[in-house]
Amino acid sequence: MIVETPRLYIVKAVEADINTIIEIESHKDNCDFLWIGTYEEHQAEIHDPNHRLLVFKTKSDNKIIGYALIRLDFKSEIFELRRIAITEKGLGYGKEAMIALLSYAFENLSLNRFWLDVYPDNYIGIQLYESLGMHQDGVLRQNYKSERGYLDQIIYSMLKSEYYLSV
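Quick note: the sequence shown uses this note's numbering, first residue 60, plus one each step.
If you are wondering where the hints come from, they were derived from the structure by calculation, not from laboratory data. Hints are supplied without guarantee of correctness; some may be wrong.
What the hints assert, rightly or not - Derived EDC-like pairs: lysine to aspartate or glutamate, alpha-carbon spacing no greater than 20 Å straight-line: (1) K122 x D76; (2) K87 x E206; (3) K154 x E206; (4) K118 x E206.
Can you build the whole structure from these sequences, using the hints too?
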């Protein structure tokens, strides 16, 4: 297990979880905000020591209700949250998972910087990141071309020193 929260177990994904992860990515409420990985890409992430593919399981019934993909740069002490998605919307699971991931990055792994990017129309994500005290570093203008057109990506981060001031 990676982290335990009041309602969730956050654990490393196994190959049997990959189809569920792809379903979460493909869900109509998530697909506009995520890159959808292939089975083979997720399989490689599970086995890559610089990545963590995690699933969020409810303690009540052990059901997968979300996932996160992390890239770790141990040399520069950086935790990059590449993807996060929750299926059970509006119940606070996203905030609970984010708090746990911040704790994991800074307290367990002793990394210095936690960062992510978010599309400007992901209002719920932006509100969550700002409520957690993350800093908006800037905007990568028209950085990603999708079916929706050219999309900006807003960079948010938190440093270890900022994290320890907020806990």
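Do the hints match the structure? See the list:
A distance of roughly 11 Å separates the Cα atoms of K122 and D76; the hinted pair therefore holds under the 20 Å criterion. The hinted pair formed by K87 and E206 meets the criterion: a straight-line CA distance of about 14 Å does not exceed 20 Å. With a C-alpha separation of about 29 Å, the suggested pairing of K154 with E206 is violated against the 20 Å cut-off. Taken as a hint, the K118 and E206 pair is broken in the structure, with Cα atoms around 37 Å apart against an allowance of 20 Å.
Checked against the numbered hints given earlier, this structure breaks hints 3, 4; the rest are met.
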